[in-house]
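Asks: Residue numbers (this note's numbering), protein chains in the order written: chain B, 1 to 490; chain C, 1 to 490.
For the record, the hints were derived by calculation from the structure and aren't laboratory data. Keep in mind that this is a model prediction, so the values were computed, not measured. Hints may be right or wrong, so weigh each one.
Pairs count within a copy or across copies, as identical chains cannot be separated in the list.
Claimed, not checked - Heads up, simulated DSSO-like pairs for lysine-lysine below, C-alpha to C-alpha not over 30 Å straight-line:
1. K402 with K181
2. K181 with K365
3. K274 with K181
4. K274 with K365
5. K422 with K402
6. K422 with K274
7. K422 with K181
8. K274 with K402
Protein chains: 2
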Amino acid sequence: MTNIQRAACVGAGVIGAGWVARYIRNGIDVAVYDPHPEAERTCRDVLATAEASLDRLMGGPPPSRGRVTFTATLSEAVGDADIVQESAPETESIKREILAEIDRHAPAATPIGSSTSGLLPSRLQADMARPERFLVTHPFNPVYLLPLVELCAGERTDPHVVERAQSVYDAIGMRPLVVRKEIDGFVADRLLEALWREALWLVHDDVATVAEVDDAVRYAAGLRWALMGSFQAYRIAGGEAGMRHFMAQFGPALQWPWTKLMDVPELTDAFVDKIAEQSDAQAAGRRIRELERERDAGLIAMLHALRDEDLAAGSVLRRHEARLAAPQRVRADLDAPAPLRLLDARVPAAAVDYNGHMTESHYVKLFGDAGDALFAALGLDDTALAAGESFFTAESHIMHLKQVALGEQLEVTTQILAADDKRIHAFHRMHRQADEAVVATAEQMYLHVDTERERVAPAGGTIRANMARLADAHGALAVPETAGRAVGRR
Amino acid sequence: MTNIQRAACVGAGVIGAGWVARYIRNGIDVAVYDPHPEAERTCRDVLATAEASLDRLMGGPPPSRGRVTFTATLSEAVGDADIVQESAPETESIKREILAEIDRHAPAATPIGSSTSGLLPSRLQADMARPERFLVTHPFNPVYLLPLVELCAGERTDPHVVERAQSVYDAIGMRPLVVRKEIDGFVADRLLEALWREALWLVHDDVATVAEVDDAVRYAAGLRWALMGSFQAYRIAGGEAGMRHFMAQFGPALQWPWTKLMDVPELTDAFVDKIAEQSDAQAAGRRIRELERERDAGLIAMLHALRDEDLAAGSVLRRHEARLAAPQRVRADLDAPAPLRLLDARVPAAAVDYNGHMTESHYVKLFGDAGDALFAALGLDDTALAAGESFFTAESHIMHLKQVALGEQLEVTTQILAADDKRIHAFHRMHRQADEAVVATAEQMYLHVDTERERVAPAGGTIRANMARLADAHGALAVPETAGRAVGRR
Numbered sequence: 001m002t003n004i005q006r007a008a009c010v011g012a013g014v015i016g017a018g019w020v021a022r023y024i025r026n027g028i029d030v031a032v033y034d035p036h037p038e039a040e041r042t043c044r045d046v047l048a049t050a051e052a053s054l055d056r057l058m059g060g061p062p063p064s065r066g067r068v069t070f071t072a073t074l075s076e077a078v079g080d081a082d083i084v085q086e087s088a089p090e091t092e093s094i095k096r097e098i099l100a101e102i103d104r105h106a107p108a109a110t111p112i113g114s115s116t117s118g119l120l121p122s123r124l125q126a127d128m129a130r131p132e133r134f135l136v137t138h139p140f141n142p143v144y145l146l147p148l149v150e151l152c153a154g155e156r157t158d159p160h161v162v163e164r165a166q167s168v169y170d171a172i173g174m175r176p177l178v179v180r181k182e183i184d185g186f187v188a189d190r191l192l193e194a195l196w197r198e199a200l201w202l203v204h205d206d207v208a209t210v211a212e213v214d215d216a217v218r219y220a221a222g223l224r225w226a227l228m229g230s231f232q233a234y235r236i237a238g239g240e241a242g243m244r245h246f247m248a249q250f251g252p253a254l255q256w257p258w259t260k261l262m263d264v265p266e267l268t269d270a271f272v273d274k275i276a277e278q279s280d281a282q283a284a285g286r287r288i289r290e291l292e293r294e295r296d297a298g299l300i301a302m303l304h305a306l307r308d309e310d311l312a313a314g315s316v317l318r319r320h321e322a323r324l325a326a327p328q329r330v331r332a333d334l335d336a337p338a339p340l341r342l343l344d345a346r347v348p349a350a351a352v353d354y355n356g357h358m359t360e361s362h363y364v365k366l367f368g369d370a371g372d373a374l375f376a377a378l379g380l381d382d383t384a385l386a387a388g389e390s391f392f393t394a395e396s397h398i399m400h401l402k403q404v405a406l407g408e409q410l411e412v413t414t415q416i417l418a419a420d421d422k423r424i425h426a427f428h429r430m431h432r433q434a435d436e437a438v439v440a441t442a443e444q445m446y447l448h449v450d451t452e453r454e455r456v457a458p459a460g461g462t463i464r465a466n467m468a469r470l471a472d473a474h475g476a477l478a479v480p481e482t483a484g485r486a487v488g489r490r
Numbered sequence: 001m002t003n004i005q006r007a008a009c010v011g012a013g014v015i016g017a018g019w020v021a022r023y024i025r026n027g028i029d030v031a032v033y034d035p036h037p038e039a040e041r042t043c044r045d046v047l048a049t050a051e052a053s054l055d056r057l058m059g060g061p062p063p064s065r066g067r068v069t070f071t072a073t074l075s076e077a078v079g080d081a082d083i084v085q086e087s088a089p090e091t092e093s094i095k096r097e098i099l100a101e102i103d104r105h106a107p108a109a110t111p112i113g114s115s116t117s118g119l120l121p122s123r124l125q126a127d128m129a130r131p132e133r134f135l136v137t138h139p140f141n142p143v144y145l146l147p148l149v150e151l152c153a154g155e156r157t158d159p160h161v162v163e164r165a166q167s168v169y170d171a172i173g174m175r176p177l178v179v180r181k182e183i184d185g186f187v188a189d190r191l192l193e194a195l196w197r198e199a200l201w202l203v204h205d206d207v208a209t210v211a212e213v214d215d216a217v218r219y220a221a222g223l224r225w226a227l228m229g230s231f232q233a234y235r236i237a238g239g240e241a242g243m244r245h246f247m248a249q250f251g252p253a254l255q256w257p258w259t260k261l262m263d264v265p266e267l268t269d270a271f272v273d274k275i276a277e278q279s280d281a282q283a284a285g286r287r288i289r290e291l292e293r294e295r296d297a298g299l300i301a302m303l304h305a306l307r308d309e310d311l312a313a314g315s316v317l318r319r320h321e322a323r324l325a326a327p328q329r330v331r332a333d334l335d336a337p338a339p340l341r342l343l344d345a346r347v348p349a350a351a352v353d354y355n356g357h358m359t360e361s362h363y364v365k366l367f368g369d370a371g372d373a374l375f376a377a378l379g380l381d382d383t384a385l386a387a388g389e390s391f392f393t394a395e396s397h398i399m400h401l402k403q404v405a406l407g408e409q410l411e412v413t414t415q416i417l418a419a420d421d422k423r424i425h426a427f428h429r430m431h432r433q434a435d436e437a438v439v440a441t442a443e444q445m446y447l448h449v450d451t452e453r454e455r456v457a458p459a460g461g462t463i464r465a466n467m468a469r470l471a472d473a474h475g476a477l478a479v480p481e482t483a484g485r486a487v488g489r490r
């Protein structure tokens with residue numbers, strides 16, 4: 001995906017551990033350094049939650065997973081890193097000291113990113129010998145699910161390092177946003193902070209409780225914010241007359257006393273007590289782990305929904321999934337007298353029903369994926385697709401022989417019963433790896449189509465030759481017992 | 001649902017029309033008054049969008065829909081209303097005049113709610129003879145999808161009117177939030193306004209463009225805000241140590257210069273031009289109707305996802321659906337000699353491949369959904385499921401006859417070919433509504449199973465009797481030409 005092979009994470013709290021999860025799930029090894037005596041244990045706790053969430057998000061474990069190593073010293077962690085993520089406490093002096101040490105030990109060309117929420121990069125890079133490879137790389141909790149990462153260069157940052165960082169984060173499924181000017185809080189945290197200050201005033205002045213303020217967000221504007229920011233939302237509110245009209249109409253309200261602009265509430269003991277007590281009431285006894293699981297379940301469900309609609313953060317996920325799927329194509333031997341083994345898959349959470357069994361449509365999805373793998377093996381590549389060649393499934397006969405459960409490993413083998421210049425008659429068997437049982441079969445008739453003229457047409461030379469080759473090799477195989485069956489006829 | 005039978009909407013812009021959609025979809029008649037000469041046309045435009053979105057949100061049109069009447073005078077609209085929604089322009093003098101007129105003509109006990117985003121109820125009720133039945137009822141755009149409605153009483157509002165309004169909004173699927181103190185902007189708009197002012201500064205100061213500010217929201221915090229507000233998010237960030245710890249750790253940042261608290265940017269012509277131009281670039285030529293459709297598609301997908309997880313706004317929808325479903329279960333006529341019409345569906349983006357055609361697995365998903373609807377019609381309800389009754393698809397024969405594209409409306413009809421005490425042999429046809437073409441067929445054999453013993457078993461009394469009844473009624477129908485076919489045999 002990217003030429004990054006080893007990342008180093010310095011600081012392994014919630015944010016640092018989130019980075020670790022992102023990297024290893026993209027096949028990148030990570031060395032972790034955190035001097036806290038409990039760091040490895042707490043990091044592994046976060047990783048366990050993150051990996052379970054990513055299994056659900058991505059439909060199972062990745063084909064290759066990076067390794068995590070905990071090192072005893074900072075220099076060991078960063079010594080051969082291709083990128084370093086610093087996620088130390090949010091105190092400028094501490095970060096400056098750690099960043100200078102990372103700079104001394106990391107390879108000269110390795111970008112060093114700080115997870116700071118709002119400290120200025122020009123100040124953070126001040127003590128580094130090679131400040132040009134430093135930038136702010138500000139992620140959001142949970143780092144393994146939320147795609148945004150803000151990139152902010154300091155005065156001495158090399159613009160090429162920013163470009164390099166963009167390509168790395170893009171490759172690990174994130175959405176890098178380059179901040180145009182160095183500013184405290186960058187973009188996102190300025191917005192969060194403005195809302196947070198107002199939220200504190202509302203609780204301080206007893207206009208609403210902690211839970212009511214949160215409800216005012218999540219039952220309305222929050223849903224829109226998952227899709228679009230205020231500008232796009234207000235553009236729509238303005239109607240066809242556009243943004244200029246909206247600004248003319250609602251601009252005056254900006255001068256109305258609708259926020260407590262002037263000040264921030266003083267965090268007296270009494271005020272902090274009030275917030276803490278109301279927050280306890282809101283949590284209603286649920287511990288942080290439960291709240292995290294609930295948060296992740298909600299985020300995953302929304303990311304899947306947005307992926308399916310190809311909108312907002314779902315588009316980032318969709319593109320990343322497509323890229324991850326691309327390199328896994330199987331090389332098939334077209335001359336062997338044995339069914340092709342074209343597909344390996346694990347049953348994801350999205351594919352099971354309320355009884356915990358794989359849904360009918362997922363059987364067909366896997367048979368469809370096996371069909372696509374067959375076409376690819378026959379030579380249906382991007383060039384052939386661009387030339388208008390494709391296959392269409394005209395007819396299928398599916399037999400469900402055994403139920404399949406969440407997490408089971410399956411494979412699909414494919415036998416060609418017959419082929420001519422425009423048809424392939426195939427028989428797929430879905431096997432469960434654990435007991436080698438055949439759990440379902442699909443007999444399918446594929447028609448070769450000319451996608452430009454939208455009609456059935458003979459396949460091009462290479463594909464046609466491969467179809468004949470494969471049909472010939474499989475001619476030696478016994479015809480499956482249930483081939484040629486109609487529904488309900490024994 | 002509620003004893004409200006007639007609502008009146010005074011003002012039928014985007015907000016007023018959104019109210020109309022909410023009410024009629026809950027079986028409540030609405031009288032609409034808006035003096036603008038184009039009001040009826042624009043209101044009907046919004047209603048068309050809203051109804052299409054609600055069909056998708058709720059899985060089809062409601063069993064009973066209220067009627068909409070446009071009246072020539074305000075007094076006609078409100079004269080026999082059980083509740084009145086005022087959605088006039090956001091100008092205090094205009095609203096006061098209209099509210100006083102509504103007050104003169106509406107029945108004495110009818111609550112009158114204003115959709116104002118932030119004007120004070122004590123001032124709005126000042127000219128009313130019966131101010132006690134007035135309150136602010138502030139909804140969010142799109143009113144027909146977002147559940148929040150803020151209720152704010154004025155000095156002279158009767159607390160019983162607030163309670164009455166809560167029960168009405170709850171009954172039409174909303175989430176009423178009673179604001180504890182009268183304050184400009186109530187709760188939600190104060191938060192929105194704080195974020196909006198900061199967003200304007202970021203664009204004003206060239207830290208980010210309009211699109212970048214929006215991206216900073218929707219790729220990270222926005223996703224969280226759809227689930228939870230800042231307090232809950234920060235509680236989780238604080239870890240097991242709780243909110244007090246979080247406040248101690250991050251409280252000091254409140255004093256850092258992370259927002260432009262002191263002022264609001266002046267809306268000079270140059271600044272408004274900048275925003276308008278950047279907003280045009282962000283919209284990339286998409287018109288408001290397209291942006292609205294995209295917004296609604298995203299909101300519906302997220303609401304469905306959150307409903308399935310029973311979280312945030314999805315919990316409101318889930319509860320409302322459950323309430324609506326109780327009296328509305330689609331009663332299939334098991335004795336009619338005609339295929340059952342069990343499923344309506346629209347092809348979502350998730351279900352099309354790179355050629356823009358519906359995927360094989362989605363055909364099967366829709367046939368599976370039709371199967372589930374069939375089982376429900378036969379009496380497979382929660383009680384039967386809990387008792388271990390279920391059906392299993394043993395075998396299917398699918399014929400793909402025509403390709404189907406994104407957004408097309410489909411319906412599935414189901415004919416029973418045969419049934420005995422443990423088997424149903426069914427034949428589904430998928431029709432495209434636009435041209436009534438049959439786009440695919442599925443012949444399927446379902447086996448009744450005992451889920452506890454995990455084996456095929458005779459159906460229970462009610463279901464078995466219904467199976468026989470249906471098979472008997474369908475015995476009069478002609479057997480479909482392609483029933484009993486095997487793959488590749490013509």
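Asks: Hint by hint, say whether it matches the structure.
Replies: Hint-by-hint comparison with the structure:
1. K402 with K181: neither (60 Å within a copy, 54 Å between copies)
2. K181 with K365: Neither way: K181 and K365 sit 47 Å apart in one copy and 49 Å across, limit 30 Å.
3. K274 with K181: between (38 Å within a copy, 17 Å between copies)
4. K274 with K365: Cα proximity of K274 and K365: none, with 48 Å in one copy and 48 Å across.
5. K422 with K402: between (33 Å within a copy, 18 Å between copies)
6. K422 with K274: neither (69 Å within a copy, 58 Å between copies)
7. K422 with K181: neither (59 Å within a copy, 70 Å between copies)
8. K274 with K402: So K274 and K402 fail the 30 Å test inside a copy (49 Å) and across (62 Å) alike.
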